[in-house]
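*Asks:* All chains, full assembly: derive it from the sequences and hints.
Mapping of the sequence shown onto our numbering: residues 62 to 221, in sequence order.
Hints listed in this document are in silico derivations from the structure and should not be mistaken for laboratory results.
Think of the CB as a built atom: it goes at the ideal place given N, C-alpha and C, for glycine as much as any other residue.
A hint or two may mislead.
[Stated by the list, open to error] Dumping the calculated BS3-like pairs for lysine-lysine here, alpha-carbon to alpha-carbon at most 27 Å: (1) 119 <-> 214; (2) 214 <-> 101; (3) 98 <-> 178; (4) 214 <-> 98; (5) 178 <-> 199; (6) 119 <-> 101; (7) 119 <-> 199; (8) 119 <-> 178; (9) 119 <-> 98; (10) 178 <-> 101; (11) 91 <-> 101; (12) 214 <-> 178.
[Unchecked claim] Pairwise CB distance ranges (calculated): (13) 95 <-> 126: 32 to 40 Å; (14) 98 <-> 122: 29 to 37 Å; (15) 116 <-> 165: 17 to 25 Å; (16) 219 <-> 150: 19 to 27 Å; (17) 182 <-> 157: 27 to 35 Å; (18) 157 <-> 120: 34 to 42 Å; (19) 125 <-> 95: 31 to 39 Å.
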Amino acid sequence: MSMKTPLIGFAIGLAVLAGGAVVAGSHVDKNVEAAVKARKAHMQLYAYNLGILGAMAKEEVPYDAASASAAAGNLAALARMNEGSYWPQGSDSLSMEGTRALPDIWDNIDDVLVKAKALTDASAAMEAAAGTGLDGLKGAMGAVGGACGACHKAYRQPDS
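*Replies:* As structure tokens, then:
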């Protein structure tokens, strides 16, 4: 599967959702809530695996090639997943409680896709480097952190 496949799926999913399919209100509310729950779970999985890698990179825990490879593989798999259905219109921080997604994300799909590709590429590089040694892991962390941060700075409400 090419790297374009998940990005195309993500774009199609966002376009369909932004197009506003007409569904009964209570059904949409349950679907939106479920989508936000899935989105948060996906982000928690990113954070968990990045935590493992980050602790090793900061030398807070001993480097372990097998653990680093597993966490990096998980990170890369998460980045390749089609997240389009996680982002329905009306699941932003102004429309509902319990989410930090800013409404701008739906108005800037092209930029979001660029940022998603950067994360996919950085995660693939991390997957290749993580098991090669501590220096390889440390070298790949900046791009992953930068890719995550770029999207969060633009499209996530800051902590209050």
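*Asks:* Does each hint fit the structure? Answer for all of them.
*Replies:* How the hints compare with the structure:
This hinted pair checks out: residue 119 and residue 214 have alpha carbons roughly 23 Å apart, not beyond 27 Å. For the hint pairing residue 214 with residue 101, the CA-to-CA distance comes to about 17 Å; that is within 27 Å, so the pair holds. Between the alpha carbons of residue 98 and residue 178 the distance comes to roughly 23 Å, so the proposed pair stays at or under 27 Å and holds. Our distance criterion of 27 Å between C-alpha atoms is met by residue 214 and residue 98, whose separation comes to about 21 Å.
Annotation: proposed proximity of residue 178 to residue 199 holds, straight-line Cα distance about 21 Å (limit 27 Å). Under the criterion of a C-alpha separation no larger than 27 Å, the hint pairing residue 119 with residue 101 is consistent with the structure, at around 26 Å. A hinted pair counts as satisfied when its Cα atoms are at most 27 Å apart, and residue 119 with residue 199 qualifies at roughly 8 Å. With a C-alpha separation of about 26 Å, the suggested pairing of residue 119 with residue 178 holds against the 27 Å cut-off.
Between residue 119 and residue 98 the alpha-carbon distance is near 31 Å, which puts this suggested pair outside the 27 Å criterion. Between residue 178 and residue 101 the CA atoms are separated by roughly 20 Å; this keeps the pair inside 27 Å, and the hint holds. Under the criterion of a C-alpha separation no larger than 27 Å, the hint pairing residue 91 with residue 101 is consistent with the structure, at around 15 Å. Distance restraint check for residue 214 and residue 178: the Cα-Cα separation of roughly 16 Å lies within the 27 Å cut-off, and the hinted pair is therefore satisfied.
In this structure the hint that residue 95 and residue 126 lie 32 to 40 Å apart at CB holds, the actual value being about 37 Å. Look at residue 98 against residue 122: about 30 Å separates their beta carbons, and that is inside 29 to 37 Å. Hint check: residue 116 to residue 165, Cβ distance near 32 Å, so the stated range 17 to 25 Å is violated. Between residue 219 and residue 150 the beta carbons are some 22 Å apart, a value that agrees with the proposed interval 19 to 27 Å.
Taking the beta carbon of each, residue 182 and residue 157 are about 32 Å apart, inside 27 to 35 Å as hinted. Range check, residue 157 to residue 120: about 40 Å between beta-carbon atoms, so the 34 to 42 Å window is met. For the hinted restraint 31 to 39 Å between residue 125 and residue 95, the CB-CB distance of approximately 36 Å keeps it satisfied.
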